[in-house]
Amino acid sequence: MQQINIVISGFTPYDGIDVNPAVLVPVALAEYWNDPSQSVALSDDLLQDVSMSVTTVTLPVSFANAWPMLLNAIEQANPDIVIATGLKRSARGVLLERCATNLMDAAKPDADNVIPPRRPINPEGPAAYWTRLPLRSILRDFAKHEIPAALSSDAGTFVCNSLFYHLLDWSAAQEKRILSGFVSLPIVNEQPHPQHGLSIAQQIAAGNDVIRESVRYYLQPSSSEILLG
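Take 654 as the starting number for the sequence shown in our numbering and just add one per residue.
Rather than coming from a laboratory, the hints here were simulated on the basis of the structure.
Remember, predicted model here, so these are calculated numbers, not experimental data.
Accuracy of the hints is not assured; some may be wrong.
Stated by the list, open to error - Cut-off 16 Å, straight-line C-alpha distance, at most; resulting in silico cross-link-like pairs (EDC-like, lysine to aspartate or glutamate):
{"no.": "1", "residue 1": "Lys741", "residue 2": "Asp807"}
{"no.": "2", "residue 1": "Lys741", "residue 2": "Asp671"}
{"no.": "3", "residue 1": "Lys761", "residue 2": "Asp668"}
{"no.": "4", "residue 1": "Lys829", "residue 2": "Glu728"}
{"no.": "5", "residue 1": "Lys741", "residue 2": "Asp668"}
I would like the entire structure built from these sequences, with the hints used as guidance.
This is how it looks when you write it as C-alpha cells:
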C-alpha cells in the first residue's frame, strides 16, 4: 500500500471573523482522512491501495512567522502534497489560486503589527510561481458537487501570497516531487443559497475534493489537469 503524506495549513482567527474556515476546514479534513474507518476512496480504483496521513498546522497572519511555522511542519511530516488555505472575505465561493507573486506590498499591519516595506519576497527568486495543484480536475469535482468556485489570478500581496510564494519557492528546490498550492476560502454563511460565502459543510466538501484530486494527480500526473490559463 502506498503512503501519501499531506500537510494542510490554515490561519489563526482574523479580525471580525467569528467562524474561521481557515481553521475549521483543515481540522475537519484531517479528522476525516486520518480515520481508518472511512471508505471515501473505496469507489476510486486508483486510491484503493493508498494510505493517507493528513497533518494540519494553524499559522499566524504574520509575514515573519507564518512560513517558518509551515516549514517546520513540513520538515516533520515529510509530505508529498502541501495545501495552504486562507480566508478571502470578499469571495463568493472557493478560489483556487493560480499564481504566487514575488512581492510584499501590505496596506495594513499583520498580526505582529508590522507593515513590511514594499519589496520582493525573495530578491533572487523568479517574479512568480504557478501552482502545482490540478486545478482542472478540482474544478470538475466542484461542479459535480455544486460548490461555487473560480480561478483566482493571485493571492494578493499580503501574508497569504507571501506564504504561497515561500511554499512554491521551497517546492521548486526539492529533489522530491511535491505538489503544493493555495486555496482561498470564503466566509462561513449558513443561509440557504447565500450570495456571499458558503456553509462550512460545503467548504469541507471542497477540501475533500482538493485532497482527492491532488492525490490522484500525484499518482497519475497529467499536464492537462493543471489549468493555469
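Checked hints:
1. A hinted pair counts as satisfied when its Cα atoms are at most 16 Å apart, and Lys741 with Asp807 qualifies at roughly 12 Å.
2. Taken as a hint, the Lys741 and Asp671 pair is honoured in the structure, with Cα atoms around 14 Å apart against an allowance of 16 Å.
3. As the CA atoms of Lys761 and Asp668 are separated by approximately 12 Å, the hinted pair is consistent with the 16 Å bound.
4. Under the criterion of a C-alpha separation no larger than 16 Å, the hint pairing Lys829 with Glu728 is consistent with the structure, at around 13 Å.
5. Proximity of Lys741 to Asp668 is assessed by CA-CA distance (about 12 Å); at most 16 Å being required, the pair is judged to hold.
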